[in-house]
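With my numbering applied, the sequence shown covers 1 to 91.
Fair warning: there could be bad hints in the mix.
[As the list claims (entries may be wrong)] In the BS3-like style, the derived pairs of lysine-lysine whose C-alpha atoms are separated by at most 25 Å in a straight line are:
| # | residue 1 | residue 2 |
| --- | --- | --- |
| 1 | Lys18 | Lys73 |
| 2 | Lys3 | Lys45 |
| 3 | Lys51 | Lys18 |
| 4 | Lys3 | Lys78 |
| 5 | Lys51 | Lys78 |
| 6 | Lys85 | Lys73 |
| 7 | Lys85 | Lys51 |
| 8 | Lys3 | Lys85 |
| 9 | Lys51 | Lys3 |
| 10 | Lys18 | Lys78 |
| 11 | Lys3 | Lys18 |
| 12 | Lys51 | Lys73 |
| 13 | Lys47 | Lys18 |
| 14 | Lys27 | Lys51 |
| 15 | Lys73 | Lys27 |
| 16 | Lys3 | Lys73 |
| 17 | Lys47 | Lys85 |
| 18 | Lys85 | Lys45 |
| 19 | Lys78 | Lys47 |
| 20 | Lys27 | Lys78 |
| 21 | Lys45 | Lys18 |
Read the hints as simulated data drawn from the structure, not as lab findings.
If you're wondering where the values come from, they're calculated on a predicted model, not measured in any experiment.
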Amino acid sequence: MYKDEMIHLHQLLLCLCKFLEDSGAPKHHFNDYVSLGISPYHIHKRKVEHKYAIYVLSKCISSVLAEHGSIPKSTVEKFEEIARKCREDIY
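Take these sequences, add in the hints, and give me the full structure.
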């Protein structure tokens with residue numbers, strides 16, 4: 001995936017995050033993502049940093065959905081595992 005496509009996906013996931021917050025999802029679910037300090041608007045960030053942010057945000061979104069029974073909790077664990085591996089590529 002090209003960097004601009006990754007940034008676009010990052011933006012779409014952020015829109016979903018905002019929708020979930022507006023729908024009543026507790027903000028504490030997204031603390032891991034917010035603490036990264038990487039947003040789709042930070043186009044100067046490396047591709048791997050956006051990739052990491054995408055997986056962390058996906059984990060946060062899936063945790064909200066899993067809490068409501070929409071998806072299995074194993075999805076959250078898988079995103080967490082992938083994010084951890086991606087973080088190792090950065091640092």
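Outcome of the hint check:
no.	hint	in the structure
1	Lys18 / Lys73	21 Å, holds
2	Lys3 / Lys45	10 Å, holds
3	Lys51 / Lys18	19 Å, holds
4	Lys3 / Lys78	23 Å, holds
5	Lys51 / Lys78	15 Å, holds
6	Lys85 / Lys73	19 Å, holds
7	Lys85 / Lys51	11 Å, holds
8	Lys3 / Lys85	19 Å, holds
9	Lys51 / Lys3	9 Å, holds
10	Lys18 / Lys78	22 Å, holds
11	Lys3 / Lys18	23 Å, holds
12	Lys51 / Lys73	22 Å, holds
13	Lys47 / Lys18	23 Å, holds
14	Lys27 / Lys51	22 Å, holds
15	Lys73 / Lys27	19 Å, holds
16	Lys3 / Lys73	29 Å, violated
17	Lys47 / Lys85	15 Å, holds
18	Lys85 / Lys45	18 Å, holds
19	Lys78 / Lys47	21 Å, holds
20	Lys27 / Lys78	21 Å, holds
21	Lys45 / Lys18	22 Å, holds
Checked against the numbered hints given earlier, this structure breaks only hint 16.
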